Amino acid sequence: MNLLLRLALRACPADFRREYRDSIAQDVRSRGLSAAAAAADVLWQGTLMRLENFWRDVVLGARSLAKAPIFAVVAIVTIALATGVNVAAFSILKGVLLDPLPYAHADRLVFISEVRQREDQTNIDYPDARDMGRRSTTLAGIAVETSARGALTGMGKPVELHGWYVGGDYFNVLHAKPQIGRFIAPSDMGRRNIVISSELWHSRFEGSPAVLGRRVRIDDRLYTIVGVAPPRLLNPGPGFMASADYWVPIDPRRGGTDWRGNYAFWAIASLRPGVSVAQARADLARVMTGLANEYPNFDRGYGVRVQRLYDVLVAPMRMLVLMLYGAAILVLLIAAANIGNLLLARAAARERDLAVRSALGATRTRLALALIAETGIVSFAGLLAGIALSALLLHVIDGYLATFGQAYGMNMMVPGWNRVAIDLPVLCYGIAVTLLFTICTGVLPAYTVNASARAGRFAKRARLGSALAVCEIVLAFAVLSMAGLLLHGFVKLERTQVGFDEAHTYAVQIDLPASRRYAGTDAVLHFYARAAQAIRALPGVAAASEALTAGLGSSSGTNYSFTHPVGENGIGEQNNVEFNSVSPRFFSTLGIPPLAGRLFSSGDTTRSQPVAIVSKSFAAQHFGGTLGALGRFVSIGETSSGSFPLRRIVGVVGDIRHSLADAPAPEVYVPFSQVTFPGSIVVRTRGQDPHLKSDIAGAIARIDPLLPAPQIMSFSLMHSLDDAVTRISTGVFFGLAAAALLLALAGIYGVVAYSVERRTHEFGIRMSLGARASGIALHVLREAIVLAAIGIAIGTVLAAFAARAMGEMLYETSPLDAPTYIAAAALLIAAVAASSLVPAMRAMRVEPAAALRYE
Amino acid sequence: MPLGASTFYILLALADRERHGAEIASEVEEATGGETRLMPGALYRYLKQMLADGWIEEYEGGDADARKRYYRLTPRGKRVAQAEARRLDDVVRMARSRRLLPGT
Numbered sequence: 001m002n003l004l005l006r007l008a009l010r011a012c013p014a015d016f017r018r019e020y021r022d023s024i025a026q027d028v029r030s031r032g033l034s035a036a037a038a039a040a041d042v043l044w045q046g047t048l049m050r051l052e053n054f055w056r057d058v059v060l061g062a063r064s065l066a067k068a069p070i071f072a073v074v075a076i077v078t079i080a081l082a083t084g085v086n087v088a089a090f091s092i093l094k095g096v097l098l099d100p101l102p103y104a105h106a107d108r109l110v111f112i113s114e115v116r117q118r119e120d121q122t123n124i125d126y127p128d129a130r131d132m133g134r135r136s137t138t139l140a141g142i143a144v145e146t147s148a149r150g151a152l153t154g155m156g157k158p159v160e161l162h163g164w165y166v167g168g169d170y171f172n173v174l175h176a177k178p179q180i181g182r183f184i185a186p187s188d189m190g191r192r193n194i195v196i197s198s199e200l201w202h203s204r205f206e207g208s209p210a211v212l213g214r215r216v217r218i219d220d221r222l223y224t225i226v227g228v229a230p231p232r233l234l235n236p237g238p239g240f241m242a243s244a245d246y247w248v249p250i251d252p253r254r255g256g257t258d259w260r261g262n263y264a265f266w267a268i269a270s271l272r273p274g275v276s277v278a279q280a281r282a283d284l285a286r287v288m289t290g291l292a293n294e295y296p297n298f299d300r301g302y303g304v305r306v307q308r309l310y311d312v313l314v315a316p317m318r319m320l321v322l323m324l325y326g327a328a329i330l331v332l333l334i335a336a337a338n339i340g341n342l343l344l345a346r347a348a349a350r351e352r353d354l355a356v357r358s359a360l361g362a363t364r365t366r367l368a369l370a371l372i373a374e375t376g377i378v379s380f381a382g383l384l385a386g387i388a389l390s391a392l393l394l395h396v397i398d399g400y401l402a403t404f405g406q407a408y409g410m411n412m413m414v415p416g417w418n419r420v421a422i423d424l425p426v427l428c429y430g431i432a433v434t435l436l437f438t439i440c441t442g443v444l445p446a447y448t449v450n451a452s453a454r455a456g457r458f459a460k461r462a463r464l465g466s467a468l469a470v471c472e473i474v475l476a477f478a479v480l481s482m483a484g485l486l487l488h489g490f491v492k493l494e495r496t497q498v499g500f501d502e503a504h505t506y507a508v509q510i511d512l513p514a515s516r517r518y519a520g521t522d523a524v525l526h527f528y529a530r531a532a533q534a535i536r537a538l539p540g541v542a543a544a545s546e547a548l549t550a551g552l553g554s555s556s557g558t559n560y561s562f563t564h565p566v567g568e569n570g571i572g573e574q575n576n577v578e579f580n581s582v583s584p585r586f587f588s589t590l591g592i593p594p595l596a597g598r599l600f601s602s603g604d605t606t607r608s609q610p611v612a613i614v615s616k617s618f619a620a621q622h623f624g625g626t627l628g629a630l631g632r633f634v635s636i637g638e639t640s641s642g643s644f645p646l647r648r649i650v651g652v653v654g655d656i657r658h659s660l661a662d663a664p665a666p667e668v669y670v671p672f673s674q675v676t677f678p679g680s681i682v683v684r685t686r687g688q689d690p691h692l693k694s695d696i697a698g699a700i701a702r703i704d705p706l707l708p709a710p711q712i713m714s715f716s717l718m719h720s721l722d723d724a725v726t727r728i729s730t731g732v733f734f735g736l737a738a739a740a741l742l743l744a745l746a747g748i749y750g751v752v753a754y755s756v757e758r759r760t761h762e763f764g765i766r767m768s769l770g771a772r773a774s775g776i777a778l779h780v781l782r783e784a785i786v787l788a789a790i791g792i793a794i795g796t797v798l799a800a801f802a803a804r805a806m807g808e809m810l811y812e813t814s815p816l817d818a819p820t821y822i823a824a825a826a827l828l829i830a831a832v833a834a835s836s837l838v839p840a841m842r843a844m845r846v847e848p849a850a851a852l853r854y855e
Numbered sequence: 001m002p003l004g005a006s007t008f009y010i011l012l013a014l015a016d017r018e019r020h021g022a023e024i025a026s027e028v029e030e031a032t033g034g035e036t037r038l039m040p041g042a043l044y045r046y047l048k049q050m051l052a053d054g055w056i057e058e059y060e061g062g063d064a065d066a067r068k069r070y071y072r073l074t075p076r077g078k079r080v081a082q083a084e085a086r087r088l089d090d091v092v093r094m095a096r097s098r099r100l101l102p103g104t
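Chains as they are written, first to last, in our numbering: chain C, 1 to 855; chain G, 1 to 104.
Derived by calculation from the structure, the hints in this document are not laboratory data. Note that the structure is a prediction, hence the values are computed from the model and not measured. Backbone N, C-alpha and C define an ideal beta-carbon position, used for all residues, glycine too. Keep in mind that the hints are not guaranteed to be accurate.
[Unchecked claim] Label pairs and their calculated CB-CB ranges:
id, chain 1, residue 1, chain 2, residue 2, range
1, G, A83, C, D15, 23 to 31 Å
2, C, A421, G, R98, 55 to 63 Å
3, G, R98, C, G361, 32 to 40 Å
4, C, A421, G, A83, 52 to 60 Å
[Claimed, not checked] Calculated pairs, EDC-like style, for lysine to aspartate or glutamate (alpha carbon to alpha carbon, straight line, at most 16 Å):
id, chain 1, residue 1, chain 2, residue 2
5, G, K68, G, E23
6, G, K48, C, E19
7, G, K48, C, E52
[To be verified] Chain C side only, calculated, beta carbon under 10 Å to chain G, not exhaustive:
id, residue
8, A8
9, S23
10, V28
11, L33
12, A37
13, V42
14, E52
15, W55
All chains, full assembly: derive it from the sequences and hints.
This is the structure we're talking about:
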């Protein structure tokens with residue numbers, strides 16, 4: 001026979017080939033057909049036949065699955081759970097860690113900050129940044145930014161916008177190109193030009209090109225629109241990215257741009273092509289040394305830190321994301337073990353059916369394919385359900401993160417989160433995972449089909465099943481422990497004392513536009529006094545007080561440097577300190593305990609002596625103790641024109657925390673009446689008041705209807721937002737641990753149930769020899785617990801390693817925290833015992849006579 | 001339910017008498033004026049399916065070529081072929097009544 005034809009026949013199913021090979025060959029000869037044409041036809045028909053067979057297997061598989069719905073449902077749910085969790089985790093991994101930054105030439109972007117020894121500052125002051133840009137040889141451009149907020153008025157209802165003050169080469173550094181018009185250039189400094197975001201362009205200006213040259217009133221000043229940013233341009237900050245509604249040039253009159261020591265800005269720079277980060281570091285260190293020599297009062301003792309933008313943005317998230325992904329993989333492995341067990345049991349159930357088919361001439365491949373078709377249907381359904389589940393999971397996490405990000409007033413987000421989506425690469429990952437799953441766990445039982453002696457096969461299966469169950473326990477214990485450690489740390493974080501009474505306290509942030517109406521400090525003072533009074537008059541409000549900033553999550557943003565004079569008129573060293581400007585009732589409103597001296601009073605005005613109140617740790621740090629601070633002097637801030645007045649310390653109060661993770665910070669308070677900036681009002685209510693927000697907004701609107709609604713947040717909410725990331729990650733880990741536990745329990749149940757069924761005969765013998773039913777049940781339980789104990793022992797080692805890697809994520813909790821591990825072990829053993837209860841009880845009900853007959 | 005064209009032609013070819021594989025193929029080719037050419041792969045695939053469905057049966061040719069396989073219609077196969085023929089007849093009648101085909 002022709003070679004071509006022989007090869008083509010290989011494409012046909014074996015039985016067809018055997019049956020009709022000769023007839024086909026004969027046919028070709030007798031009809032005088034061309035070998036090539038015949039071969040092509042045979043090839044095609046063979047493929048069709050194989051597809052028909054496959055489809056028949058799929059239909060048969062579906063039918064037999066329908067007859068065993070429990071197996072199908074359990075298998076599908078298991079696969080859905082594992083796939084869903086993994087697709088979500090991978091999507092996060094890819095979006096946050098793997099995807100590159102959304103800027104052209106992102107590898108050249110660096111983040112520059114000024115640091116002192118042992119400090120972890122991310123900020124920089126404007127003059128230093130400018131000088132670095134001018135004097136460096138390695139930077140292609142440096143950009144400065146600080147966040148901005150403003151009310152957009154004159155276009156319907158006033159709305160609060162978030163933006164950025166930018167200076168230097170901002171848009172060039174980010175390699176961004178405007179959609180229309182142009183960007184802010186260094187020559188725009190001080191001019192009222194504005195670039196609006198693409199989203200704002202479409203929502204408020206209908207995306208019309210005529211927007212260029214239009215004037216908008218933001219913050220009560222008129223800006224001219226000179227350009228529109230590309231869609232979704234994100235601004236980098238340390239550890240986050242933020243979207244923006246507008247960009248304006250830094251205003252020298254407001255920004256403190258001539259003020260060295262005013263670390264109010266972030267700096268991003270672009271390296272020249274071919275320059276390495278190390279070279280840039282050396283270069284800028286040189287520049288910094290020069291600056292320190294020129295301006296010893298401000299820059300002495302400071303170094304410059306140059307980091308890749310990617311590291312600054314993503315590094316804080318890296319460990320968390322990797323850990324999440326690792327836990328997801330663990331869940332996947334547990335699920336795989338479960339599916340393996342399930343399929344083993346399934347193969348046993350179909351044994352007779354498969355034996356018959358084998359006797360009828362089905363090849364091993366066909367039988368394997370039949371099982372795989374069944375597994376395939378289950379996997380496919382599981383994949384679809386899993387993708388739906390992962391979409392749901394991502395949606396939920398997204399909701400939490402959105403609340404967290406917006407609360408900081410900058411539309412902040414986890415870097416890369418906007419790219420976390422179930423896109424094509426993620427889908428491919430999901431499909432690959434499911435495929436791997438199916439093949440690994442489906443092939444296993446297919447090859448036990450033709451095993452040898454029946455008893456031997458049972459024993460082999462039981463051993464395999466037990467081994468798998470132990471593996472599941474190991475993994476489940478690891479995930480449980482990790483979740484437990486995180487929870488422990490989280491509880492500690494939640495219990496952290498913030499130093500004031502958070503119950504029923506709120507911060508009302510009211511930003512005043514820099515218009516003529518509020519030009520002088522008197523006008524600002526007057527407004528805030530009226531606002532506080534109006535709020536105090538509301539029913540349900542116990543106290544209200546003005547303050548520059550309000551507590552948790554908001555420090556003054558700028559670290560003011562103060563001089564600590566040696567003696568009354570000496571010039572002392574500079575230090576950074578938390579700063580707040582408050583009215584007399586501030587401390588009582590928030591419940592900050594006075595410790596020594598007095599609080600501010602109405603007698604502290606611009607005409608009386610400048611005074612200050614310091615916090616306990618400040619007094620301890622600089623004056624040796626609370627009482628030592630009274631009567632001493634501090635000076636807050638310096639500008640190039642001179643320093644602020646010396647202030648007499650008249651009182652000491654308790655410390656408060658500005659962020660849960662940090663220790664209570666030394667803080668200096670000045671009277672609101674003496675140092676007036678637009679800020680907030682802190683409010684304490686008597687109890688729960690559902691109308692509070694609308695009442696306050698109404699009161700403010702009555703004073704000045706042109707102001708947009710104030711931002712009102714409860715301190716307890718700010719508290720929970722501050723640890724939001726910890727909260728979310730703990731929650732996610734708990735979800736994973738629950739999934740792992742559930743799957744492991746299902747696995748144990750399967751193994752124990754199978755073992756009981758197999759040993760019915762043995763139990764019958766035992767009982768007829770006098771063993772009590774309860775004894776049998778206990779025996780079964782004990783075996784299950786032994787399995788669990790082995791798993792926990794091995795799991796402890798694995799968990800310890802994983803926990804050590806998690807180290808920095810655990811708040812004040814040791815990775816080897818014994819109580820957590822013990823609790824996890826106890827929980828696991830109890831759960832295993834519970835899930836073995838049903839098979840154990842079934843063992844009890846074995847009737848000796850019937851069991852002895854059963855073989 | 002309409003039959004595939006090739007399947008019907010094969011049934012037709014076996015309607016009057018039993019034939020062996022190559023004969024069926026040449027019969028179908030002739031009957032359709034060369035339009036339907038059954039290659040060996042396709043032919044035996046259809047035959048196998050029809051055997052499984054019970055429309056035809058196979059037997060060894062007693063005479064000249066002992067290796068040749070002969071096929072003939074089963075009663076069931078005959079019924080199937082008749083049903084299809086009747087259905088086609090109805091279609092032609094309808095076409096005629098709507099003047100798509102000449103005649104009545």
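Checked hints:
no.: 1; hint: A83(G) <-> D15(C): 23 to 31 Å; result: holds (30 Å)
no.: 2; hint: A421(C) <-> R98(G): 55 to 63 Å; result: holds (57 Å)
no.: 3; hint: R98(G) <-> G361(C): 32 to 40 Å; result: violated (52 Å)
no.: 4; hint: A421(C) <-> A83(G): 52 to 60 Å; result: holds (55 Å)
no.: 5; hint: K68(G) <-> E23(G); result: holds (11 Å)
no.: 6; hint: K48(G) <-> E19(C); result: holds (10 Å)
no.: 7; hint: K48(G) <-> E52(C); result: holds (13 Å)
no.: 8; hint: A8; result: holds (8 Å)
no.: 9; hint: S23; result: holds (6 Å)
no.: 10; hint: V28; result: holds (6 Å)
no.: 11; hint: L33; result: holds (7 Å)
no.: 12; hint: A37; result: holds (7 Å)
no.: 13; hint: V42; result: holds (4 Å)
no.: 14; hint: E52; result: holds (9 Å)
no.: 15; hint: W55; result: violated (14 Å)
Checked against the numbered hints given earlier, this structure breaks hints 3, 15; the rest are met.
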